[in-house]
Amino acid sequence: MFADNPALLGLATIVIGVGACLGYFFFSNVVLDKIIFPASGPNAGRNINRANMVRPWLFLFPALFALLLYLAYPVFETLRLSLTDRDQGGAFVGFANYSQMMAEPKFWEAVRNNMLWLIVVPAVSTAFGLLVAQLTDRIRWGNLAKSLIFMPMAISFVGASVIFKLIYDTRPEDQNQIGILNAVWLKFDGGIGSVLMLQVLPSMLLIGFIVIVASVAWSFARGIIAKGEDKSVWLLPLRLLVAGGALWLIWVSVGSLIGLWIGELPYGEAQTWLTVPMWNNFFLMVVLIWIQTGFAMVILSAALRGIPEETVEAAIIDGANPFQIFFKIKVPQIMGTIVVVWTTITLTVLKVFDIVFAMTNGQWETQVLANYMYDKLFRANDWGVGSASAIVIMLLVTPILVWNVYNARKEMR
Amino acid sequence: MATIAGKKSGLVWAVHISVVFLVLLWLFPTIGLFVSSFRTADQISSSGWWAALFESEQNEVYRAADPDDNRVADGDMFVVTGNIFEGEPREIRAWGISSRNVSAFQPGETAEMKDGENVTLDADGNYVWRGNDKQLSGRGQRIFITATVPPEFTFDNYRTILFSGSGQDNMAKAFFNTLTVTIPATIIPIVVAAFAAYALAWMEFPGRALLIAAVVGLLVVPLQLALIPLLRLHLGIGIGKGYLGVWLAHTAFGMPLAVYLLRNYMVGLPRDIIENAKVDGATDFQIFTRIILPLSFPALASFAIFQFLWTWNDLLVAKVFLIDATGSTTVMTNQIVELLGTRGGNWEILATAAFVSIAVPLAVFFAMQRYLVRGLLAGSVK
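Protein sequences appear in the order of chains A and B. Residue numbering for the first sequence follows the working numbering, beginning at 1 and increasing consecutively. Residue numbering for the second sequence follows the working numbering, beginning at 414 and increasing consecutively.
Keep in mind that the hints were calculated from the coordinates and are not lab data. We put the beta carbon where it would ideally sit given N, CA and C, even for glycine. Please note that a few of the clues may not be correct.
To be verified - Label pairs and their in silico Cβ distance ranges:
1) 433(B) to 199(A): 25 to 35 Å
2) 147(A) to 589(B): 55 to 65 Å
3) 87(A) to 565(B): 54 to 64 Å
4) 623(B) to 69(A): 16 to 26 Å
5) 563(B) to 207(A): 42 to 52 Å
6) 651(B) to 68(A): 17 to 27 Å
7) 147(A) to 577(B): 27 to 37 Å
8) 423(B) to 248(A): 13 to 23 Å
9) 127(A) to 711(B): 50 to 60 Å
Stated by the list, open to error - Every beta carbon over 10 Å from chain B, so not counted as near; a handful from chain A, in silico:
10) 22
11) 70
12) 83
13) 136
14) 183
15) 198
16) 308
17) 364
18) 374
Stated by the list, open to error - Once the Cα atoms are required to be at most 27 Å apart in a straight line, the calculated BS3-like pairs of lysine-lysine come out as:
19) 351(A) to 106(A)
20) 527(B) to 586(B)
21) 34(A) to 527(B)
22) 351(A) to 654(B)
23) 527(B) to 547(B)
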């Protein structure tokens with residue numbers, strides 16, 4: 001009867017769990033001080049010292065145990081599983097799972113989409129977050145505005161998926177459109193307004209994007225050829241990576257730019273947005289951007305507040321306009337925080353699963369790695385390939401892991 | 414000076430307007446769902462939710478009263494009078510008597526039909542239908558009206574989802590299941606992590622720096638890696654799929670952030686207090702429970718909110734470690750995903766279900782936003 005009622009079970013778990021934790025900490029200390037190393041008798045001094053050497057480990061043990069068993073061990077176990085085959089009784093098969101995975105088009109689709117997510121979501125969220133943080137910095141109702149933009153943080157990915165599915169909803173031609181996107185889309189009729197809004201404006205945004213990417217790529221790539229730059233071994237792969245990624249991005253953008261003008265836009269027809277190849281990825285990304293912008297805003301807003309007032313005042317006296325102050329004085333000073341925000345959102349993106357799972361489940365070329373992995377593990381029951389794709393996610397996370405540990409250690413010194 | 418001031422106020426206005434725009438843009442999706450959850454299925458499928466906030470025009474068909482029972486002689490003609498609205502008045506914009514032209518007449522006008530038959534309808538819905546013996550027989554005359562309907566909202570969807578719905582449409586069980594997952598999974602990691610954080614912050618022992626670095630590293634390990642090995646472990650040691658498994662999993666997955674946040678906070682507490690207590694003969698256990706825990710309340714609250722939001726909103730961990738084939742332990746996120754599959758077009762059900770699951774985290778969010786922000790600022794690795 002007791003175990004049948006989950007609420008009672010939950011309550012009992014809280015009492016037992018918390019009680020057991022406190023009891024463990026209390027009694028293990030008592031045992032240590034009174035029985036193993038009593039602070040009396042001939043060896044009192046030595047015992048106290050010994051007890052104090054053991055005590056930290058008593059405090060740490062449950063947390064360490066959980067960390068090792070639930071986070072550290074699975075990394076190695078997954079690595080092992082990715083090199084074995086379940087159907088052959090767990091025999092070692094080398095990289096067979098990996099090569100099988102590489103041969104699947106769905107995997108490459110997931111990789112390509114993940115790369116797009118990795119670039120677009122952190123970039124747009126950080127940019128919007130920075131914009132909102134700056135705009136709300138000095139206005140009186142800024143805190144209210146911030147808390148409203150921050151609100152989606154509390155909404156689950158699944159809830160957000162439902163919210164955005166309603167936005168992207170499609171009804172048959174003869175009915176009223178109840179999704180706002182289609183309702184707006186049907187207002188465009190191919191006239192001059194449509195050309196301005198749907199071709200000229202996006203083209204300008206794309207061209208701006210290409211220019212920004214090209215300049216970033218150039219500033220990274222210059223170091224490879226230029227003399228006198230820091231030519232450390234560490235930076236070369238990074239530079240090549242960024243330059244390569246940028247070239248690919250420019251290629252994609254130019255392609256979309258041409259497509260924008262060549263392609264016939266289906267005016268007057270309600271679209272099923274989540275099935276339009278390539279674009280549906282962006283419709284899914286919007287959900288995550290909507291959620292993550294609040295996070296970026298909160299952190300960047302605090303960073304903006306932390307900028308010394310004198311630097312801004314000096315710039316004003318020197319005659320800088322608000323845009324110069326923002327881009328040349330403020331942004332460089334919070335660059336460190338921007339990087340932190342960027343990497344944190346990158347981590348979220350790498351693990352994104354719920355949104356794709358709930359909205360398209362990877363159909364219509366929207367697969368991403370985390371959902372691909374879930375698919376392999378729990379639908380295809382292929383642990384080998386599933387683990388291999390999990391390892392791919394782990395590899396993508398590793399640079400950030402190393403960077404974080406490096407920074408944390410630097411800070412502690 | 415005047416020009417500078419003028420420019421400045423222009424810029425200030427631009428800032429205000431863009432912030433208003435951004436806030437509305439960010440609120441718009443949520444409001445859409447919120448409004449939809451108070452509309453009936455018919456309303457949702459006939460117009461966009463944004464139309465629900467205003468008066469809407471609706472075409473309706475009514476029938477005059479049965480002439481055989483209600484007609485009254487008037488000279489050599491007969492008359493049927495009455496009101497087309499039975500207790501539910503509308504404001505009539507226009508009306509008609511043929512489905513081909515439903516808004517042919519203004520209220521108060523008379524519609525002439527063949528051979529002297531006519532209908533008059535006033536703005537209140539009172540009609541006079543006049544005709545000869547043959548015309549006023551059989552069924553009542555059809556009257557089409559175009560009426561403006563005030564915004565109308567209903568709590569029926571919430572009643573269905575929370576109480577009366579059957580099977581998948583009822584979220585009550587999933588709601589309690591979610592609570593059952595969330596509360597222990599929020600409280601237990603706090604206790605465990607607080608002790609560890611104290612040790613990492615205030616106790617000297619070899620390997621401490623290494624452990625802290627390891628915690629920072631584990632912060633970013635994707636939990637996807639843990640799914641299969643741990644599921645195998647749980648099945649192997651007999652926990653299987655169930656609450657115990659999901660509590661353990663959430664406790665462990667929240668541990669790095671908990672230890673990291675709490676340790677960073679505890680390290681900033683004044684050293685004097687702790688050393689004084691030591692001099693006075695307090696043991697580490699006493700220092701921890703009497704001094705550190707009460708002082709660390711803000712950090713504990715921050716982490717509690719994080720963990721609460723994370724466990725409440727989680728789908729993946731629940732799917733892997735909790736929900737078995739019977740589905741009796743389903744959580745809200747999972748039920749919503751299933752509803753998306755089976756009831757994809759029934760927005761009144763979906764919107765309400767989603768809003769029920771969103772409401773609790775939103776309430777927590779607005780009540781304890783201060784701690785959430787503080788936790789975010791402390792939690793992002795600098």
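Pairwise beta carbon distance, residue 423(B) to residue 248(A), judged against the given window 13 to 23 Å: For residue 248(A) against residue 423(B), whose Cβ atoms are near 41 Å apart, the range 13 to 23 Å is violated.
Just double-check residue 308(A) for me: nearest Cβ-Cβ distance to chain B has to come out over 10 Å. holds, 18 Å
Decide, holds or violated, for the assertion that all CB atoms of chain B are farther than 10 Å from the CB of residue 70(A). violated, 3 Å
Under the criterion that the straight-line Cα-Cα distance not exceed 27 Å, is the pair residue 527(B), residue 547(B) satisfied? With Cα atoms ~12 Å apart, residue 527(B) and residue 547(B) stay inside 27 Å; holds.
Residue 136(A) and chain B, when compared Cβ to Cβ, separated by more than 10 Å: Contrary to the label, residue 136(A) does not stay out of reach of chain B, its closest Cβ about 6 Å off (not over 10 Å).
Hint consistency between residue 351(A) and residue 106(A) [alpha-carbon to alpha-carbon, up to 27 Å]: The hint holds at about 18 Å.
Confirm or reject: residue 22(A) is not an interface residue toward chain B, with every Cβ-Cβ distance exceeding 10 Å. Given a closest Cβ separation of 7 Å, the condition is violated.
Has the given pair, residue 527(B) with residue 586(B), been kept, meaning a C-alpha gap of at most 27 Å? Violated. Residue 527(B) to residue 586(B) sits at ~63 Å, over the 27 Å cutoff.
Is the claim that residue 198(A) lies outside the interface with chain B correct, judged by CB distances over 10 Å? Given a closest Cβ separation of 19 Å, the condition holds.
Do residue 433(B) and residue 199(A) keep their Cβ atoms within the hinted range of 25 to 35 Å? holds, 28 Å
Report holds if the minimum CB distance from residue 183(A) to chain B is greater than 10 Å, and violated otherwise. violated, 5 Å
Beyond 10 Å from every chain B Cβ - status for residue 83(A): Fine: 13 Å to the nearest Cβ keeps residue 83(A) off the interface.
When each numbered hint is compared with the structure, violations occur for hints 2, 8, 9, 10, 11, 13, 14, 18, 20 and 21.
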